[in-house]
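Visitor: Each chain is listed here by its residues.
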Amino acid sequence: MRPRLVEWHGRVFRGLLLLYPPWFRRTHGEEMTLLFMTRLERTAGWLGRTALWGRTLRDAATNAAALRREDAQGGGLRMDTLLQDTRYAARRLLRAPVFTLGAVALLAIGIGANTTVFTVVDALILRPPPWADPERVVHVYQDSDDGEPSSNSFPATRDMATYGDVFSAVAATTPSTASWGGPDGPEPVATEYTTSSYMSVLGLDVQRGRWFAPEDDVVGGPPVAVVSAAAWRTRLGGDPDVVGRTIRLNGQPVTIIGVGPERLTSTVTPLLTDFWLSISATVLSGPFQVANLERREDHWYQALARLQPGVTVEQSQAAMDALAARLAEAYPELNRGRDITVFSSRDVRQHPQGDGNVFLAGGLLSAIALTVLLVACANLANLLLVRGLGRSGEMAVRSALGAPKGRVARLFLLESLLLAGVGGLAGLILTRWALSALPALPIADVIGGTLELTVDTRVTMFALGLVTLTGVLFGLAPAVRSARTDVSRALRDDRRGASSDRGTVRLRSMLVAVQVAASLVLVLGTGLLARSLAALQTVDTGVDVERVAFVRVDWTRAGLGVEEARAAMDELRDRMEALPGVERVALASRLPAQRSGTTTTEVEGYTPPAGTSAVELPFATVTDGYFEAMGVPLVAGRLFGPDDGPGDGVSILVSEATARRFWGEADPIGRRMRGQGSEAWTRTVVGVVGDAPVGGIGEGAVPMFYFSSRQAQGTPSYLIARTGGDPAAILEPMRRELGAWRPSVTVSAQGTLASHFGASLATPRLAARGMVAFSLLALLLAGLGIYTVVSFTVARRSSELGIRIALGAERSGVVRMVVREVAAIVGVGLGVGVLVSALAASRVSGLLFGVAALDPLTFLGAVTVLLTVAGVAAWVPARRAARADPVEALRAS
Amino acid sequence: MARSQDISSAPPRPAVYHILLALAGADRHGLGIADQIERASEGAVELGPGTLYRSLAEMAEARLIRPVPAPGREADPRRKYYGITSVGRDLLARETARLGRLVERARAQGVLAEQE
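Chains as they are written, first to last, in this note's numbering: chain E, 2 to 894; chain P, 767 to 882.
Please note that the accuracy of each hint is not assured.
Said to hold, decoys possible - A partial selection of chain P residues facing chain E, derived with a Cβ cut-off under 8 angstroms: (1) A810; (2) V811; (3) G814; (4) P815; (5) G816; (6) Y819; (7) R820.
As the list claims (entries may be wrong) - Derived CB-CB ranges, DEER-like: (8) P:A874 / E:A52: 36 to 42 angstroms; (9) P:E808 / E:G55: 19 to 25 angstroms; (10) E:V99 / P:R779: 48 to 54 angstroms; (11) E:G55 / P:L865: 28 to 34 angstroms; (12) E:W9 / P:G876: 49 to 55 angstroms.
No wet-lab data here; the hints were simulated from the structure. Virtual Cβ for every residue (Gly too), placed ideally from N, Cα, C.
Full structure from sequences and hints, please.
Guide: What follows is the structure in structure tokens.
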């Protein structure tokens with residue numbers, strides 16, 4: 002046979018070896034090739050060789066398959082040796098309790114933080130709703146006046162339900178709140194008005210009693226409620242006879258007819274609803290909301306629909322386009338150009354307009370938690386490397402005694418996985434604790450409701466994933482290192498040989514740089530948030546924050562007529578102003594910095610942005626004295642007074658921002674507005690007042706206008722008092738006076754304006770607090786990382802340093818030399834950190850107030866903080882090295 | 767462990783028996799074992815590379831055989847040598863006895879008569 006042909010046969014056979022598991026190929030491949038080639042040489046003729054190949058192929062197929070099968074059944078990891086190695090790893094860890102405890106603590110914090118964040122993000126964003134076939138449920142939105150999908154008028158949702166060819170059911174729902182007469186006095190509860198079709202849309206059913214029936218969908222019937230599964234347990238004590246029980250909401254009796262399905266949150270997932278209320282119960286929210294049920298100009302309802310079998314989202318969209326055209330024709334002044342959009346429930350979490358912010362917050366939170374985990378892992382990898390170097394002698398002996406390199410590497414990996422496992426368990430315990438502590442944080446203020454947060458299977462699976470990831474992540478580097486260790490060299494010079502390995506030093510420096518960079522990002526983020534918070538707290542709000550107290554009163558049980566109410570309000574204000582310390586009292590329908598109602602308004606002479614016919618304007622109804630009590634200045638014209646009596650026209654006051662936006666520099670006095678759909682320009686501007694916060698602090702100048710209570714119906718809820726001294730001190734006298742005046746008028750909330758503004762800053766404050774915690778953690782870890790690297794460098798070079806000192810080098814010079822080396826690593830980390838921060842900061846600039854995303858001062862401050870931490874962490878071990886006795890150092894080496 | 771029980775339980779697979787038999791006389795490397803088996807079976811048994819080395823790996827794990835140092839200085843250092851252990855010898859003896867009884871029975875039934 003020609004040599005080239007022989008070579009070709011050999012190559013094919015070696016290719017065939019790829020069928021076998023790698024470990025088998027490595028151990029026996031060479032000898033197998035040898036055996037095959039020997040046989041090939043002995044075989045004459047192409048017929049014989051073909052037969053040999055036939056036999057060889059069959060041999061390879063059966064044996065490779067058998068070996069792979071056995072490997073898959075646990076043979077590959079050889080269960081017995083795996084168990085042995087695990088026991089060994091556990092013993093090793095127990096023998097180094099300080100290291101183990103530290104590592105577990107690091108991991109517990111890292112994994113715990115991430116699991117906690119995941120639980121929140123999962124509830125807010127990731128978890129699919131508990132509906133049947135949620136992909137068949139769609140959200141339908143009429144456009145707002147700004148032309149964005151927003152919400153629907155109740156009549157429009159009834160129109161949608163007539164499209165039975167595309168929707169099998171359409172439900173209307175609107176979230177609300179009510180005061181529940183619980184056993185511990187009145188408590189605010191989350192309610193949601195829903196139609197009888199709601200359960201058919203969601204494909205669910207109540208677990209007790211019944212859901213609303215079609216006759217509950219009209220006002221006039223008795224108000225009925227379905228209690229949510231969560232509220233049934235927490236608020237009603239899981240009462241088995243709850244169906245038929247009567248509770249009081251807003252002071253009125255409501256009959257509970259059922260208990261809702263398990264895990265069902267409000268439509269505005271994932272906030273919890275306490276009671277679903279029938280449309281017939283709308284009377285609980287007053288005549289205004291009842292009137293809304295018939296008004297096409299008010300869009301208060303979300304619409305959910307279930308698609309008919311076989312109907313696509315696109316087909317239902319076509320049907321809604323037809324409806325939009327129909328409505329535009331029937332109500333041109335209200336609905337011309339107003340589209341109706343269908344969204345698959347896959348694409349909506351809370352609302353198409355709000356989801357972006359939720360995703361941003363969730364993404365940021367996850368990124369921050371992951372950064373902390375990254376720092377923890379880098380740190381642990383470092384610690385394990387240091388340990389690994391100390392053990393290179395032991396590992397080399399194992400290798401020399403025939404332990405396969407893979408098995409030595411596996412020991413490292415097992416150790417880190419074991420650590421990660423215990424750390425993960427501790428992390429889950431931390432998570433449970435954190436979740437139970439969360440309600441103490443003002444999260445409810447931030448997201449506007451309650452979340453159901455539990456450590457369930459999803460969370461546990463997530464933690465398990467993290468354990469595996471981190472175990473591999475921080476165990477891999479030392480494992481690979483150990484597998485590459487040069488056995489003979491490691492044995493020859495034991496400790497020093499392996500430790501001076503350049504690759505290891507570089508790897509460890511890199512790990513420290515990563516920690517520095519990640520910490521810088523967090524510290525900088527904290528700095529930016531803290532500065533925005535400080536700016537928000539000191540921002541000039543335009544109102545007299547320090548001297549105003551408020552009491553929110555519930556008028557519903559007083560049962561006042563329109564004229565009676567006006568007289569009652571005057572009487573109440575007089576009585577309150579008579580209290581010592583009170584300077585001025587007014588009533589208002591809302592507080593500054595509070596999300597509240599808007600009205601769709603047309604402004605005479607002002608052309609709204611293309612595609613819209615009107616603007617949404619926030620408004621408040623106030624009594625005389627409101628602006629004096631709040632300390633809001635009159636800029637032009639006059640305030641409300643006795644001239645503004647009932648009549649055809651309505652006087653309004655506008656804020657400066659409103660005047661600027663609609664009329665620019667022109668005189669706003671005498672300008673007119675009207676509610677959308679109304680014929681005449683009924684609202685006339687009589688004065689301009691200073692800007693006060695509208696929806697929140699730091700939102701910029703938002704237009705808003707005021708009605709006088711003299712020309713409005715109803716009784717504003719907020720009783721506002723300006724005091725000469727501490728406003729908190731006046732709250733109790735106000736309550737007492739109120740009780741003495743009319744016991745039927747009750748207090749549902751109270752506070753000072755300062756505390757209300759403080760609460761409205763709950764989001765930035767919570768964010769800043771969280772960031773402080775996370776970045777302190779990262780700083781601590783980075784400091785620890787630098788400390789270990791320097792300690793180790795110093796120990797490794799103790800003899801060199803000893804000689805230098807013995808030869809007369811200044812001890813301070815030695816310190817400087819060591820610190821210089823660390824400075825390079827830290828410098829690289831800081832450089833990378835600044836770069837990453839700059840990129841990240843520009844992304845989140847929308848979350849900042851009063852500070853630029855690339856604020857040089859904050860950047861400088863963050864760098865300084867890290868340099869200080871790095872300096873201290875490096876200086877301590879360096880100094881210890883310099884103090885060392887040179888004789889000792891030389892002898893030890 | 768499942769695999770070691772498979773391989774050391776009687777009766778062993780034919781390949782295992784042949785390998786044990788080949789090692790009974792002397793320590794050998796893989797190629798030597800294959801040659802010896804072919805010789806002893808008059809060319810009738812040819813273990814494929816996969817069968818041979820898979821059996822060797824499993825037998826070593828089941829302690830039927832063990833790796834031994836190469837005997838002579840001239841031996842190829844790349845080749846691993848194997849020797850039979852007492853466990854392996856036990857199994858070989860038991861299986862040989864069983865096969866012997868089988869042959870006895872066959873003889874008693876006169877299956878060999880025509881050839882004799």
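Visitor: Hint by hint, note whether the structure agrees.
Guide: Outcome of the hint check:
no.: 1; hint: A810; in the structure: 13 angstroms, violated
no.: 2; hint: V811; in the structure: 12 angstroms, violated
no.: 3; hint: G814; in the structure: 3 angstroms, holds
no.: 4; hint: P815; in the structure: 4 angstroms, holds
no.: 5; hint: G816; in the structure: 3 angstroms, holds
no.: 6; hint: Y819; in the structure: 4 angstroms, holds
no.: 7; hint: R820; in the structure: 5 angstroms, holds
no.: 8; hint: P:A874 / E:A52: 36 to 42 angstroms; in the structure: 38 angstroms, holds
no.: 9; hint: P:E808 / E:G55: 19 to 25 angstroms; in the structure: 22 angstroms, holds
no.: 10; hint: E:V99 / P:R779: 48 to 54 angstroms; in the structure: 53 angstroms, holds
no.: 11; hint: E:G55 / P:L865: 28 to 34 angstroms; in the structure: 29 angstroms, holds
no.: 12; hint: E:W9 / P:G876: 49 to 55 angstroms; in the structure: 53 angstroms, holds
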